[in-house]
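Residue numbers (this note's numbering), protein chains in the order written: chain C, 1 to 325; chain S, 1001 to 1288; chain G, 2001 to 2240.
Don't take every hint at face value.
Said to hold, decoys possible - Simulated restraints, written as ranges between beta carbons of each label pair: (1) V1182(S) with R2060(G): 35 to 43 Å; (2) A2212(G) with V95(C): 29 to 37 Å; (3) K1174(S) with V95(C): 25 to 33 Å; (4) G112(C) with V1151(S): 36 to 44 Å.
As the list claims (entries may be wrong) - Computed footprint of chain S on chain C; a stretch qualifies when at least three of its residues, placed anywhere within it, have a C-beta under 8 Å from a C-beta of chain S: (5) 33-43; (6) 112-121.
As the list claims (entries may be wrong) - If the Cβ cut is set under 7 Å, some of the chain C residues that face chain G in the computed set are: (7) I147; (8) R186; (9) A193; (10) S202; (11) A203; (12) G205.
In short, the hints are calculated from the structure, not lab data. No residue lacks a Cβ here, since even glycine has one placed at the ideal position from N, Cα and C.
Read off the chains here:
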Amino acid sequence: MNTEVTPARRGILVLALIAAVMGYPFVFTSNYAIELGMLVLLGAFLGQAWNVAGGFAGQFSFGHAAFFGTGAYCSAILVSTYGVNPWLAFALAAVSGAVVGGIVGALSFRFGLRGSYFALITLAFAEILRVLADSVPITRGGLGILISADPGWKNLQFESSTGVYYFAAVLCAISLLIAYWLKTSRFGARLAAIRENEAAASALGVNVFWQKVHCLVLSGAMSAVGGAFYVQKYLFIDPYLAYNINRSVEMLLISMIGGAGTIFGPFVGALAIGLIGEGTRALSTAPGLSLVVYGLILILIIGFLPQGLIGLTSKLRRKGASNAS
Amino acid sequence: MWEFLVSAVINGLMSGAIYVLVALGLTLIYGVLHIINFAHGSLLMLGMYAAFFAWSMLGISPYVTLPFACLGGFVLGYLLYRGVIGRFSAGKDENILLITLGLAIIIENLSLFFFASDTRTISMPGGDDIIIIGWLMISVPKLISFVAALVLCAGLSLYISRSDLGKAIRAVAKERQGARVVGINVERIYAISYGLGIACLGAAACLLMTSFYVSPAVGHAFVLVAFTTVVLGGMGSFVGALVGGLIIGVAESVSGAFLGEQLGQIAIPLIFVLILLFRPTGLFRGSQ
Amino acid sequence: MLLEVDRLCKSFGGLQAVSDASVRLPEGGIVALIGPNGAGKTTLFASIAGFIAPDSGTVRFAGTDITGWKPHRICMAGMVRTFQITQPFSRLSVHENIMVGAYARTANAREAADRAEAVARQVGMHHLLQTESINLTVAARKRLELARALATQPRVLLLDEVMAGLNPTEIQEIVDVVKAIRTAGVSILLIEHVMQAVMSLAEKIYVLSQGAIIAEGLPQEVTSNTAVIEAYFGKKKVAA
């Protein structure tokens, strides 16, 4: 049997995926199911945001909440304190994430941080932002910011759970397009080169510093958009929700489990995590069980399947090919 | 004002000593295995729960639990290395970081699952005692922890520098291949060193529980403190862990006193960022 | 002179790795740098290519002073180096590896892919395009280093021990490829231990020993130079 993934096959798979995502709310009509679907799509989006830096460029970050939270707060403050149009605030949130991403990147890479040290410093940056959000008046400190409910598309607020779901689907689709662009563009090729070997990349004309900074700018902007979306959905943000380490870890887990550095990795990862979450909830509603499983899977992935769950498909394909021959 | 500052410094030194104990384990693990043990905070948290349950279910004071916690910590660390870390440690150093992150996630959430998110404290007899020297008020449990922590650090330091095992550990830390050549079982030393690092956490956990609280989320705060201390002091340096721990303790206390409870928390991550950017090798060169 | 290195010095701590080295590469020429191990050849290369900043001295490329420029800038200016220990982009295919080099001259993916394929053909790697570079043999990796560098359309190619680890057949094949590259218009400065390659390629040789250039000239002159022989083999004891 021919197990090669031809462009035609890939096209069919993508179409099937689009159909499945679009049709999901019509099959699973309960609010709970639709909300779950939305969370998977949001997770896929945020995972892809991490993937841009961690998977494609090899810059593992433990502090992506820094960008997520900044987008969330930027949007929340602009909308609730300054009455800015939520759509405009949404766009500005992306800018805020880009700026913070650029600063974190410029500082870290200017001083030569990479690998584990880079991971740790991003953690510290997120923590600094959390403390600041907890202490400065503009964020209302620990009280958090509430956005008054006024459903309707012009307020970027959702009247039904299907509305949120499709918005998340659009974000997810955009993130997949960005990932596809990275796979096929010069920028993405350079990031891959940097990931594999910085010295060699430099010798071939790649300005390693700037490419890494640009990568964090993009990753930060995407994460911030996720944060802004979160705020418009839940109408509330506080320092913990914005900047806590679990947020960062989740973005990392989704991408690593699904397959870092691939286009569909984060989607697969978010799906896996969503399913596992539901599975553990069936066993026990006490919090924590699902994360235990995620932690276990992370270790197993690193140890046995470093390409993530997506790597399984190519392993199976190879097995199929060798069985056939 | 002056008294305020001195008071904050003294209190900082007290908590700093415990940070030293925590950092000692981390710097030993880094110095020997060259891995950044992200699970350090959650393992500390586990030790603290152990001390708590020893008290709440068996009525045993944390001071009595301490030697058992050290032993238990050692065994747990040894097994963790053998079973998980050592097995998956091939390859890039980011891999180990992610593996220890995975461990941290598992430990923290198992704790959340079994113990729930409530904070637990031990209220021992004498737990609120204070020594008063002039205007200075020093909490007795904290003072005892301070002394105990320093004694344990000195003890471990001495052991590493005098004993045969300590020599083997230092040999492996300095020159792994050479150590192998002279017949040292490097994998065993790795496991032992990891175990020792976690044993330190057992001690620190018991001392902490005399004046602090535990909840599943506590690990995170301590991870950052531990890393900041170790990076400030110099990865792999015992003296660095001592100086670093005390400095961090004081910095945390003073900033909390002057900036307030919320903003004061910025001191540690800020120091961490500054050190990583401007002096990542730390104050002292590693190699105990 | 396309490349002029003037009195370059570099020391590490107390060790003088390169002292007062001057090298000239004419346009279209092939010049070799030889010398015993530890003579400072790779340090000199690294200083020329921007990986190390020299303590003193200048490097001029096509008339421009490029001393202290970063490697990527030097590459864009038209000079590129290969590495003694090959540095493939492990998880990328041969094609993707070479494309990184091609992207130095174009932002278009299609163009880069075509150029990479052409370069692969040029060095004889066309049949390996889809192979993951981590699965290549040593000889193939050397060709990949060459191909990647070529894809950047350099005027000067700095080859660092490209023959190391190859058997005589492979050496001859690479020598032919290098000659063809020069014919195509690229000037070459190479570090080499393998004398077979040096003698068949070099038009001029510089000999480096303990950081200093102790001889330079045509291959025949240099190889019969006593100072050079002593540098490699030590002073000859006169039989009593």
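Going down the list of hints, with the structure as the test:
no. : hint                               : verdict
1   : V1182(S) with R2060(G): 35 to 43 Å : violated, 52 Å
2   : A2212(G) with V95(C): 29 to 37 Å   : violated, 56 Å
3   : K1174(S) with V95(C): 25 to 33 Å   : violated, 50 Å
4   : G112(C) with V1151(S): 36 to 44 Å  : holds, 39 Å
5   : 33-43                              : violated (count 0)
6   : 112-121                            : holds (count 7)
7   : I147                               : violated, 42 Å
8   : R186                               : holds, 5 Å
9   : A193                               : holds, 5 Å
10  : S202                               : holds, 4 Å
11  : A203                               : holds, 5 Å
12  : G205                               : holds, 4 Å
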